[in-house]
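Chains as they are written, first to last, in the numbering used here: chain A, 5 to 392; chain B, 5 to 392.
Hints were generated in silico from the structure; no laboratory data involved. Treat the hints with caution; some may be incorrect.
[As the list claims (entries may be wrong)] In silico DSSO-like links for lysine-lysine, alpha-carbon gap of 27 Å or less:
no. : chain 1 : residue 1 : chain 2 : residue 2
1   : B       : K44       : A       : K264
2   : B       : K271      : A       : K44
3   : B       : K44       : A       : K271
Spelled out from the first residue to the last, the chains are:
2 protein chains.
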Amino acid sequence: MRDVSIIGIGVTKFGELWDKSLRQIGLEAGLAAIQDSGIKRDDIDALYIGNMASGATIQQEHVSALIADYCGLTNNNIPAVRIESASASGGLALRQGYMAVAGGFADIVVVGGAEKMTDVSDAKSAYTNSMGSDEQWESQVGATFPSLHAMMAQTYMKKHGTSREELSAVAEKNHMHGAMNPDAQFPFPIRAEAVSNSSLVSTPLRMLDCAPNSDGGAAVILCASERAKEFTDKPIKITGSGQASDTLSLHHREDLGRMKAINVAAKEAFKQAGKKPKDLDLAEIHDNFTITELIALEEIGIFKEGEAGAKTLEGMTKISSEIPINTSGGLKSRGHAPGATGIAQAVEIVRQLRGEAGDRQVKNAKCGLIENHGGTAATAVVHILEVE
Amino acid sequence: MRDVSIIGIGVTKFGELWDKSLRQIGLEAGLAAIQDSGIKRDDIDALYIGNMASGATIQQEHVSALIADYCGLTNNNIPAVRIESASASGGLALRQGYMAVAGGFADIVVVGGAEKMTDVSDAKSAYTNSMGSDEQWESQVGATFPSLHAMMAQTYMKKHGTSREELSAVAEKNHMHGAMNPDAQFPFPIRAEAVSNSSLVSTPLRMLDCAPNSDGGAAVILCASERAKEFTDKPIKITGSGQASDTLSLHHREDLGRMKAINVAAKEAFKQAGKKPKDLDLAEIHDNFTITELIALEEIGIFKEGEAGAKTLEGMTKISSEIPINTSGGLKSRGHAPGATGIAQAVEIVRQLRGEAGDRQVKNAKCGLIENHGGTAATAVVHILEVE
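Isolated chain A, as found in the complex (with noise of 0.2 Å):
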């Protein structure tokens, strides 16, 4: 198997925009990374996007085509493949446009994330999400996705006595990260009184411990890594690369208090890269709710069970802290696009390492992780990335 490099990101800004369709946002996030990585259309040998709902939210499947088809390369026939896994669907492009470099099916591939939330009501938005979850035993029973967070966050916050201020903490976090990302839905701090007074939507979980459902594109150029200085002086390598599945339906787990997928791929990941958590520098989490980034930093390993509500009240996930998680603001103050938010998690990372995230910059970020899931973690996927 061969080394795998990024070599080009590109990122829009997330938001309701109304003004954009999917296809324009895909070919703005897709040419961003083009320019930054300096290929040309001649050089790209397929196209892996992440979107995941687009035929329930604009009657549009077959987007690999369609961005494809935008995006002018089509003259070339290159191969387009649409990956979809809910929330995870930018991840899993990711990991699937990895492979297809790693096992010489490709020299450099583009993985690009689009999705169109906010053509729809809000019920039926709201309704989308709940598409990545068992339609037939929650769905379709009433289980709203926020609810299913709700089991999951009463299972969890029980068992290790996290408090409402710690679950809080989590998104007051990510806003003061997300204040310094002009990419940012939502680009300002909140306060964690804030959080903890907002409306209630599914005890415990409050307006503002949930992501919103965002519009959004992301994409980045995969290369070969003995290609990648043909392009860059600074090629950031994926080292290590896991998925895992757990139960679609959350009654079917063992513990409806941990996300288990996410601990199997990230295990997978690090033994591929060979470092374990304590050697990350930063990483970005799938917060799609507050309970979640605490979940998955415990399935990761960067936390112990039962502690990452604490270290996150003491404010060791900060940026300049022990380990900054969502340097981005997260999917809570970034905003959070299905198909484009694992990919985003990757522009970030690879901004990080190269040292180009302005006010957010982590000092001396050497190796970073992505952790992308979806549904409730039916599907977890895991990058690790490190300058060369």
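Let chain A serve as the given structure and place chain B on it in line with the hints.
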């Protein structure tokens, strides 16, 4: 890159399967393939699922995790990936699974496809097809899926002088084959005159020129060839795999009467296999409309441009003739469940190459081709299978 073989196959009957849900269809096909292969659950390294439109039709995305869950594969936390590429979703899932094994990421992979097209109104089901075209420039402004293919047919037929009888001969021949396939949705013969006199859908295409919108599932078990003999005496090797894209919208193309992506994908597959069209003993072709079988046969190089209609009318594509095409009955008679179709094609070729095709067995079949495309062939996938 390692050689990859198919060691197990499974397929459901296609049709209006109102008594079965998507997960049941996926489970039925997957377990049949696992049983056929003799592998155990713990042998499976990864799952790839082809599915076009479950979000739009049954409010369920994330179907890879769904099917992994219901097949009992989440105990092992194996990676599960959904691939979507309109009607090419199945063929493209096969290709991605092939790449996972060939690239050394997995030894044994289950590739499944499942689709539920009939749990919605007929109008919605028809519109779902259109989601594989360009929503903004085609379906939204009233270009139905048959009308796009009617434009292709008009262009092709005018250029080559193709007759109504030649189109009808495609459907008659595929039903003649499908009548011998117990898994077919319409396992009975139809006369060419009945095709020519069926209701007009969009000039020149009539009702019996069109494949149905079906429910159905299919699965194959892929194995690194070096291990295939552990499980079967009759492994079938994938010797060529090709994929290509074209513009999503028809009006972007130079020639509406061609499907260039098929040509590019076929050339790539032939090159890898070291074969030529004349080496083929049979092929499964994506006849979602009668016209596409004719165009595809020429893009692949089985017949010269403009000659496929006359050759079909002469009977050259019947079983026991020169080059049997769609011995399964094709999309027209076996049925067309988008996510499953490309994999059902592989199941048929494997049956033929194993000599297990019963009444429709092609004598001395050693080398077969599969052509599967999405939309108006904005995505095309071609595989070549051979007896080892």
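Hints and how they fare:
At most 27 Å may separate the alpha-carbon atoms for a hinted pair to count; B:K44 and A:K264 meet this at roughly 23 Å. As the CA atoms of B:K271 and A:K44 are separated by approximately 24 Å, the hinted pair is consistent with the 27 Å bound. Proposed proximity of B:K44 and A:K271 is supported: the alpha carbons are some 24 Å apart, at most 27 Å.
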